[in-house]
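**Student:** Listed below are the residues making up each chain.
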Amino acid sequence: MMKIAVLSGKGGTGKTTVSNNLAALNSDAILLDCDVEEPNSHIFMNPRIKGDEDVAKDYPVIDEEKCVHCGECARFCHYNAIISGPSATITMKEICHSCRGCALVCQHDAITYKQREIGKIYSGTSRFGTELVYGELKTGELSGVPIINKIREMTGEEHSILIDSPPGTACSTVAAVEDCDYALIVTEPTPFGVSDMKMVVEMLRTMKIPFSVIINKAWLGDREVYDYCREENLEILGEIPFDRDIAEAYSTGKLIVECDPKYEDIFQSLWNKIHFIGERIHGC
Amino acid sequence: MIIALCSTGDAMESPVDERFGRAAYFLFYNTITSEMVSVINEAKTAKGGAGALAVQLLVNNKAELLIAPEVGPQALDALKKFKIPAFKQGENTTPELAVLAWGNGSLEMIKDPGNKGLHKV
Numbered sequence: 001m002m003k004i005a006v007l008s009g010k011g012g013t014g015k016t017t018v019s020n021n022l023a024a025l026n027s028d029a030i031l032l033d034c035d036v037e038e039p040n041s042h043i044f045m046n047p048r049i050k051g052d053e054d055v056a057k058d059y060p061v062i063d064e065e066k067c068v069h070c071g072e073c074a075r076f077c078h079y080n081a082i083i084s085g086p087s088a089t090i091t092m093k094e095i096c097h098s099c100r101g102c103a104l105v106c107q108h109d110a111i112t113y114k115q116r117e118i119g120k121i122y123s124g125t126s127r128f129g130t131e132l133v134y135g136e137l138k139t140g141e142l143s144g145v146p147i148i149n150k151i152r153e154m155t156g157e158e159h160s161i162l163i164d165s166p167p168g169t170a171c172s173t174v175a176a177v178e179d180c181d182y183a184l185i186v187t188e189p190t191p192f193g194v195s196d197m198k199m200v201v202e203m204l205r206t207m208k209i210p211f212s213v214i215i216n217k218a219w220l221g222d223r224e225v226y227d228y229c230r231e232e233n234l235e236i237l238g239e240i241p242f243d244r245d246i247a248e249a250y251s252t253g254k255l256i257v258e259c260d261p262k263y264e265d266i267f268q269s270l271w272n273k274i275h276f277i278g279e280r281i282h283g284c
Numbered sequence: 001m002i003i004a005l006c007s008t009g010d011a012m013e014s015p016v017d018e019r020f021g022r023a024a025y026f027l028f029y030n031t032i033t034s035e036m037v038s039v040i041n042e043a044k045t046a047k048g049g050a051g052a053l054a055v056q057l058l059v060n061n062k063a064e065l066l067i068a069p070e071v072g073p074q075a076l077d078a079l080k081k082f083k084i085p086a087f088k089q090g091e092n093t094t095p096e097l098a099v100l101a102w103g104n105g106s107l108e109m110i111k112d113p114g115n116k117g118l119h120k121v
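Here the protein sequences come in this chain order: A and B. Each residue of the first sequence is one higher than the one before, counting from 1 in our numbering. Each residue of the second sequence is one higher than the one before, counting from 1 in our numbering.
Isolated chain A, as found in the complex:
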């Protein structure tokens, strides 16, 4: 089945609105909230949590008996997580990316690893019947990538997957989007919306993931996003109007498909179009 990433570049353009409304209408899909720094799908999907799992990450520990302070590990570390001098070698566990390279280059067998918890993954059934999995990164942690990778590993091929991605185009977004069959860019007709969307377009093209665009808060702002899509030959799959009713529903934890049948039509037709495109390009 199709794996669909919903992403945006700019925050607050409507990734959660699009992914959650689609998930609410299609209860045999699985929704993954990979925005682990600020997950919010569970607020709208209101799942009955069936399980949670800790996510831990390795960090290096130096054996003072064996370490000769040669500095090989510190020179190797791409993330500057080890400092080595003639009198000491110290590791900075918050900066470490757990690549385990330092132990490989250590000639004195002085490096072992310990684990520390960086977050949690929750899973459950939403009030719409759709399964929801979401991750939560601990405050102060640098990278949610290990949590996102684990969320992605938890789901099989038998259901359609909808991924509520993190904003931006950094490592966590790449992890959320990797190996997806299709991506939906949710943008808004504002200069910031277009500017950040351009980076997402570049990222998806580099990753060779086919995509189309959804314009949220349509008829607000200016026409730049439409001009950009035309110039770049990007398909605009749908538009969601700038509508106070959506904001009001959102502010009470409701989805717009629950409040207004006209939106049920908009999102169902979006879902059908995505699967039509999926069949065309992937046969899935």
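Hints are not guaranteed to be accurate.
[To be verified] Computed beta-carbon distance windows for the label pairs:
1) B:Asp77 to A:Pro261: 55 to 63 Å
2) B:Glu42 to A:Asp245: 48 to 56 Å
3) B:Gly103 to A:Asp54: 38 to 46 Å
4) A:Lys120 to B:Asp77: 24 to 32 Å
5) B:Asp10 to A:Met154: 51 to 59 Å
6) B:Thr45 to A:Tyr226: 35 to 43 Å
7) B:Gly9 to A:Glu248: 42 to 50 Å
8) B:Asn60 to A:Pro241: 39 to 47 Å
9) B:Thr45 to A:Gly253: 37 to 45 Å
10) B:Asp77 to A:Pro241: 47 to 55 Å
11) A:Asp245 to B:Gly9: 56 to 64 Å
12) B:Asp10 to A:Asp243: 54 to 62 Å
13) A:Gln107 to B:Asn61: 19 to 27 Å
[Said to hold, decoys possible] Residues of chain B placed beyond 10 Å of chain A at every Cβ, according to the derived structure:
14) Ile2
15) Ala11
16) Arg22
17) Asn30
18) Ile40
19) Lys47
20) Gly49
21) Gln56
22) Phe82
23) Lys83
24) Glu91
25) Ser106
FYI, nobody ran anything at the bench for these hints, they're computed from the structure. Fair warning: this is a prediction, and the values are worked out from it, not measured in the lab. Quick reminder that beta carbons are idealized off the backbone N, C-alpha and C, glycines included.
Fit chain B to the known structure of chain A by using the hints.
**Tutor:** What follows is chain B alone, placed relative to chain A:
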């Protein structure tokens, strides 16, 4: 003693840098020989862990004392482990003036971390 200083340029008369981890240059001033070695701070453009990389640079250049605007929590921990005390450069506008002020005993020791970088715990 070798004193490390944060500078925007490569001379003792250059304006001090207002940042530690991402300072443009580190100047290593030898109080015995009055010699100075300037080093471009490669941590300035590091994606993350600039403070840690800057401490590594200090260790590599055998600094025994640091004069800085302020030092973040991770870097301050690391400096303590390498027994490099840190002093506030305060109102001194150049590394030269900062060294003189340190000589007069008028610089305050940095005991608590200042501006937090990536790791706002």
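**Student:** If a hint holds in the structure, say so; if it does not, say that too.
**Tutor:** Quick rundown of the hints versus the structure:
1. B:Asp77 to A:Pro261: 55 to 63 Å: Holds: the Cβ-Cβ distance is about 59 Å, inside 55 to 63 Å.
2. B:Glu42 to A:Asp245: 48 to 56 Å: holds (54 Å)
3. B:Gly103 to A:Asp54: 38 to 46 Å: Given a distance of about 53 Å, which is not inside 38 to 46 Å, the answer is violated.
4. A:Lys120 to B:Asp77: 24 to 32 Å: holds (27 Å)
5. B:Asp10 to A:Met154: 51 to 59 Å: holds (54 Å)
6. B:Thr45 to A:Tyr226: 35 to 43 Å: holds (37 Å)
7. B:Gly9 to A:Glu248: 42 to 50 Å: The hint (42 to 50 Å, Cβ to Cβ) is violated, given that Gly9 of chain B and Glu248 of chain A are roughly 57 Å apart.
8. B:Asn60 to A:Pro241: 39 to 47 Å: Because 60 Å falls outside the window, the suggested range is violated.
9. B:Thr45 to A:Gly253: 37 to 45 Å: holds (44 Å)
10. B:Asp77 to A:Pro241: 47 to 55 Å: holds (53 Å)
11. A:Asp245 to B:Gly9: 56 to 64 Å: holds (59 Å)
12. B:Asp10 to A:Asp243: 54 to 62 Å: 59 Å Cβ-Cβ, so the 54 to 62 Å window holds.
13. A:Gln107 to B:Asn61: 19 to 27 Å: Holds: the Cβ-Cβ distance is about 25 Å, inside 19 to 27 Å.
14. Ile2: Given a closest Cβ separation of 13 Å, the condition holds.
15. Ala11: Correct as stated: the minimum Cβ-Cβ distance to chain A is 27 Å, above 10 Å.
16. Arg22: holds (13 Å)
17. Asn30: The claim holds: Asn30 of chain B sits with its nearest Cβ about 18 Å from chain A, beyond 10 Å.
18. Ile40: Holds, since 16 Å exceeds 10 Å.
19. Lys47: Check fails; 8 Å does not lie beyond 10 Å.
20. Gly49: violated (4 Å)
21. Gln56: violated (5 Å)
22. Phe82: violated (5 Å)
23. Lys83: violated (7 Å)
24. Glu91: Its Cβ never comes within 10 Å of chain A, the nearest being 30 Å, so this holds.
25. Ser106: holds (29 Å)
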